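Peer 1: The primary structure of each chain is shown beneath.
Number of protein chains: 2
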Amino acid sequence: MEDIKEDSGKTLVELTTDRIIDYITSRQLKPGDKVPTEAEFLDRFAVSRGTLREAFKVLIARNILESRQGAGTFISEKQGIPDDPLGLTFIYDDQMLALDMIDLRLMIEPKAAQLAAVNATEEQKQALIDMMKVLEDRISKGESYVAEDGKFHQLIAESTGNRIIGNLTYILFSSIEKNISLTLNNLSVSNTLYYHRRILKAILEGKIFDAYNAMTNHLSLIREYMIKADENSQNKIEEQS
Amino acid sequence: MEDIKEDSGKTLVELTTDRIIDYITSRQLKPGDKVPTEAEFLDRFAVSRGTLREAFKVLIARNILESRQGAGTFISEKQGIPDDPLGLTFIYDDQMLALDMIDLRLMIEPKAAQLAAVNATEEQKQALIDMMKVLEDRISKGESYVAEDGKFHQLIAESTGNRIIGNLTYILFSSIEKNISLTLNNLSVSNTLYYHRRILKAILEGKIFDAYNAMTNHLSLIREYMIKADENSQNKIEEQS
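Going down the list, the sequences are from chains A and B. Just so we're aligned: 121 in the numbering used here is position 121 of the first sequence, and the numbers increase by one with no gaps anywhere. Just so we're aligned: 89 in the numbering used here is position 89 of the second sequence, and the numbers increase by one with no gaps anywhere.
Among the hints, a few may not be true.
Which copy is meant is left open, because identical chains are indistinguishable; a pair holds if it fits in one copy or across any two.
Below, in silico cross-link-like pairs of lysine-lysine (DSSO-like), each with a Cα-Cα straight-line distance of 27 Å or less [said to hold, decoys possible]:
{"no.": "1", "residue 1": "125", "residue 2": "78"}
{"no.": "2", "residue 1": "30", "residue 2": "57"}
{"no.": "3", "residue 1": "141", "residue 2": "30"}
{"no.": "4", "residue 1": "151", "residue 2": "10"}
{"no.": "5", "residue 1": "125", "residue 2": "201"}
{"no.": "6", "residue 1": "201", "residue 2": "228"}
{"no.": "7", "residue 1": "10", "residue 2": "141"}
{"no.": "8", "residue 1": "207", "residue 2": "57"}
{"no.": "9", "residue 1": "57", "residue 2": "228"}
{"no.": "10", "residue 1": "125", "residue 2": "10"}
{"no.": "11", "residue 1": "57", "residue 2": "10"}
{"no.": "12", "residue 1": "151", "residue 2": "125"}
{"no.": "13", "residue 1": "207", "residue 2": "125"}
{"no.": "14", "residue 1": "201", "residue 2": "151"}
To be clear, the hints were calculated from the coordinates, so they are not data collected in a lab. Quantities reported herein were computed from a predicted structural model and do not represent experimental measurements.
Pulled out of the complex, with its shape left as it was, chain A reads as follows (with noise of 0.2 Å):
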């Protein structure tokens, strides 16, 4: 049995998630592993069922951890990647949001693009036409796109051979799902078949420069279309004013 020591001014339970999070990295166990039970725990660290419970609450919280029903508790498919990471939901005045957000994908997504002409694998790249086809089906029966369009991008987020990149990607879309509306017309459907096809395409055939070029012309047009659609209600109001 260990015994676990204040100091740093951190709480038990707060030292009990740290000791179980040492538990978890130091056996490299993964997403979907399971955990060891309650009493083994309390085996293992010198604490109260009380903290070791209020523990395993907050790293549920964090999404470290998950509890199944009747099944015991795993490790988090959300790999402790929280569900609003970017603080959005505290940002108020989001008119800009979406814009701000287009920015930001203009600077990194053409050179994940680009790296994943490169580094995409066999599997990679099925995944990708296969997304693809799953995208084309839901746009031919006039379906939303959103979460698939997310998932293409993020699927080229994780051919690039860099592991940050891939889990931060995962971070923009679920704070795009949570927090920005993207209202989609023909122009952007029309948009995103063209060039996800043209990005596609350069992936798979490994041509960097067509990976990036299409990727940054896909977003900039999203990018026009946003400030087009801000003029024209913006126009709208002054009419009626």
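Given the coordinates of chain A, assemble chain B onto it according to the supplied hints.
Peer 2: Coordinates of chain B only, in the frame set by chain A:
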């Protein structure tokens, strides 16, 4: 008294956290603002004291609320941004993590410096000048300046006028502090001093290409240094074997 309905498979605690977040955002509460007492929330939501306390704990674990001994509960200064937002704790083979991070920074920060050269307010410019002085002071005393270095880059990100870049950079630097150990030596001290001064001058004078290039060189040289250091340690291992 408002009633909370169970839907979409959410637990009562999850629904209650959602309601508290709604309460915060609808009133546009800011970091440091006090939130109502337990009794006031119990009046407002039809939940048990136990459920409300659990919801508070979740929000504290997510860095949305913070509890101050004897003073009550407040909106956290951390703005809901968690301790390891990029989930880097769970990327285990971290040999390449520092390089992945610098590659990502090279995508974002040169353009951020360019934006800051156009958009920085007088207050933000003064904050950059002050931080440069603190940085120079620490370096001249031979003290660690990793935190001040990060804050300098953070101030630039906040001066872009793009709020998402500001929050994102906060995430990147807290991830670096927590997950990536950067070994700095004399080479990177002189790099830091020279290029931070160049970047500062360019931002103060509104020179966008100078700002872009100085930041690019600053980070590219750190990148070169990291690769060189990695090769040297590889060579040592080979010599020994």
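Peer 1: Name the hints, by number, that the structure is in violation of.
Peer 2: The structure conflicts with hints 3, 6, 7, 8, 9 and 10, although it agrees with all the remaining ones.
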